[in-house]
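Chains as they are written, first to last, in our numbering: chain A, 1 to 223; chain B, 1001 to 1403.
No lab work stands behind these hints: they were computed from the structure. Just so you know, not all the hints are guaranteed correct.
[What the hints assert, rightly or not] Far from chain A by the CB rule (all over 10 Å, computed), these chain B residues: (1) F1095; (2) T1111; (3) D1224; (4) N1285; (5) H1336.
[Said to hold, decoys possible] Heads up, incomplete: computed chain A residues facing chain B, CB under 7 Å, no partners named: (6) V74; (7) L75; (8) H128.
Backbone N, C-alpha and C fix where the C-beta goes; we use that ideal spot for every residue, glycine too.
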Amino acid sequence: MSELIMTREPFRFYTRLSLSELTGLRASTLGQLLKLIRKVPGSCIYHHTHRFLQQHQYLSPEPPNDFAYWVAEVLGEDELGERLASIDTVQYATIRSLRDKIAATIEDYLKDKPLVRLRFAREDEEFHFVKSVSFVLPTNYVANNLREFVDILKKITIDSIYFHIFESRLRLEKGNNDFSNWIENSVGDKELADKISRLDPYTHSLEGLRNTVVNMIEGRIST
Amino acid sequence: MARLEEYIPIVGQSVIDDLRLLGERLKGKVVQHVNSTPVGGGVAEILNRMVPLLKELGVDTRWDVIKGGEQFFEVTKRFHNALHGRPVEITGHDFDIFMETSQENIKEVNTYGDILFIHDPQPIALVKKRSDNKWIWRCHIDVSNPNRQVWKFLMDFISRYDSVVFSAPGFSQRLPIRQFLISPSIDPLSDKNKELPQETINAVLNKYGIPKDKPILTQISRFDRLKDPIGVIEAYQQVKRYIDCQLILAGGGATDDPEGIEVLEEVKEKARQDKDIHILLLPQNDIVVNALQRASDVIIQKSLKEGFGLTVAEALWKAKPVVASNVGGIPLQIKHKYSGLLCHSIEGAAFAIKQLLNSPEYAKKLGENGREHIRDNFLLTRHLRDYMLLFLSLYHPEDIAYL
Chain A
1 MSELIMTREP FRFYTRLSLS ELTGLRASTL GQLLKLIRKV PGSCIYHHTH
51 RFLQQHQYLS PEPPNDFAYW VAEVLGEDEL GERLASIDTV QYATIRSLRD
101 KIAATIEDYL KDKPLVRLRF AREDEEFHFV KSVSFVLPTN YVANNLREFV
151 DILKKITIDS IYFHIFESRL RLEKGNNDFS NWIENSVGDK ELADKISRLD
201 PYTHSLEGLR NTVVNMIEGR IST
Chain B
1001 MARLEEYIPI VGQSVIDDLR LLGERLKGKV VQHVNSTPVG GGVAEILNRM
1051 VPLLKELGVD TRWDVIKGGE QFFEVTKRFH NALHGRPVEI TGHDFDIFME
1101 TSQENIKEVN TYGDILFIHD PQPIALVKKR SDNKWIWRCH IDVSNPNRQV
1151 WKFLMDFISR YDSVVFSAPG FSQRLPIRQF LISPSIDPLS DKNKELPQET
1201 INAVLNKYGI PKDKPILTQI SRFDRLKDPI GVIEAYQQVK RYIDCQLILA
1251 GGGATDDPEG IEVLEEVKEK ARQDKDIHIL LLPQNDIVVN ALQRASDVII
1301 QKSLKEGFGL TVAEALWKAK PVVASNVGGI PLQIKHKYSG LLCHSIEGAA
1351 FAIKQLLNSP EYAKKLGENG REHIRDNFLL TRHLRDYMLL FLSLYHPEDI
1401 AYL
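Next up, chain A with everything else stripped away, as it sits in the complex (with noise of 0.2 Å):
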């Protein structure tokens, strides 16, 4: 009954809560924002590259990122925008990686187009550069085995599981996500662990996600 084997280590469940911090940086042609992309802190590409995920789950699939969005709605390049909405987050390991890749997507379109660098954003319309300041607190929630957990999991605000399964493996650069941690490490289920692990979680709604990694754990369980 791997439900109830006490754990090594209680698993808790932390929140992570997010301010938009402005920077007053903007561009209005693709090489403006090439340029400040490579430039703005590791928070501005986080941010637009994530913000989606929380403000607009309920949507499902996603719309792209910041910068797909941007491309394709104003500048008009739905290539270049799908080149960038297609850029496989889970693949990268770090911010600064991630930062890489959409740069050099975007250098190698100008270098393929260089006439798009004339094409100009309305002043309206422009790309304003913001960062994500995250506020991260411990819930009250305490997890002992894997019943406990799937139980608070069916709960949590999905800012924790927003939290638990991106800011940690992205921005905290743990590698893995926090669930799949803790069920290899602590629970010592490599299995499960790794089946969450394999999950592209940018192509689920948040509550998707959830539904995802209950279903999955409540059918080990029952095994």
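Chain A is already provided as a structure; the job is to place chain B on it using the hints.
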């Protein structure tokens, strides 16, 4: 005044739990709001709702008001218009009047708070009193294109604050201090937004002689050129060629505004004898506005300029499909083709309205997405959370703060 627990059925228990967690982190801090009026205007309306809820969360919140004479408020009204980018002449005498009253307030107002939260330009100079406490300036104005003379004058004060708060990314400036984006919000429990029984909606339609036999398009706004009511009528006329529908243009506040009366006359002239155009000059009545929005098939907000445009949030909260201009804070509320349709012209507005009327399933989906977008991002509870995070940011300069 609604209590926190009344919001649980709307936003969920966990959102309120998070607010309580944040409230605990602010125990012992006194937050002192200062503005220029206890009643009337958007700032007072927000503070009237916010202050009791923050207190309920355990945040010791106070609210003080500065004093000023007629001349002072005439000058600050001109500052307001100039910051909005309107052509206004500001003289050295205006700045003298502003500083004279500011000096009196600096003498009179006790700035006892651990955190001073100063709203808009009127009390901005109080920062000259700053000691070792924290100071935030909340700018509720669209300063995307401000009059440089006034902005430069205010910058002397702004640079002494710890942080500034704007309502839309387009309002941000290059500043030597931190600046945050916090959007305004609507209260889902207020008369303007609460659920209404169908009988109330029907009674309002009956009262204003609006039949339910054809689709209703509605724009709620003051009779103001920046809201483009004439453009709305032209868009309606273009739609009407193909789809039999009716238009409601409803708003208040024109009687004491000479320009408003002029615009209202122009609108009446434009509407002429079309019995399907209902022009309603409303007294302040939130239930009527709520009912008209709920009775509509499509809501329009075809503004030429907009600070934030909370009428869009009100409409989306009622799960209505919205066609709105891509200006001010509107694109924060509507993602084109996801939670509404954005437009740049009369023709674009007419095309979008036709799409929605001819595709009710699509319209319904946009409205439903819109409601969820408002639930997640533009309700009073999100506003409370952002304000508490803002207070905490004063003690945590890092990008990832562990509380």
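Cross-check of the supplied hints:
1. F1095: F1095 (chain B) is indeed farther than 10 Å from all Cβ atoms of chain A, at 25 Å.
2. T1111: 24 Å, holds
3. D1224: Holds, because the least Cβ-Cβ distance between D1224 (chain B) and chain A comes to about 19 Å, which exceeds 10 Å.
4. N1285: Fine: 32 Å to the nearest Cβ keeps N1285 (chain B) off the interface.
5. H1336: 6 Å, violated
6. V74: 10 Å, violated
7. L75: For L75 (chain A), the interface hint is violated, since the closest Cβ of chain B sits about 14 Å away, which is over 7 Å.
8. H128: 4 Å, holds
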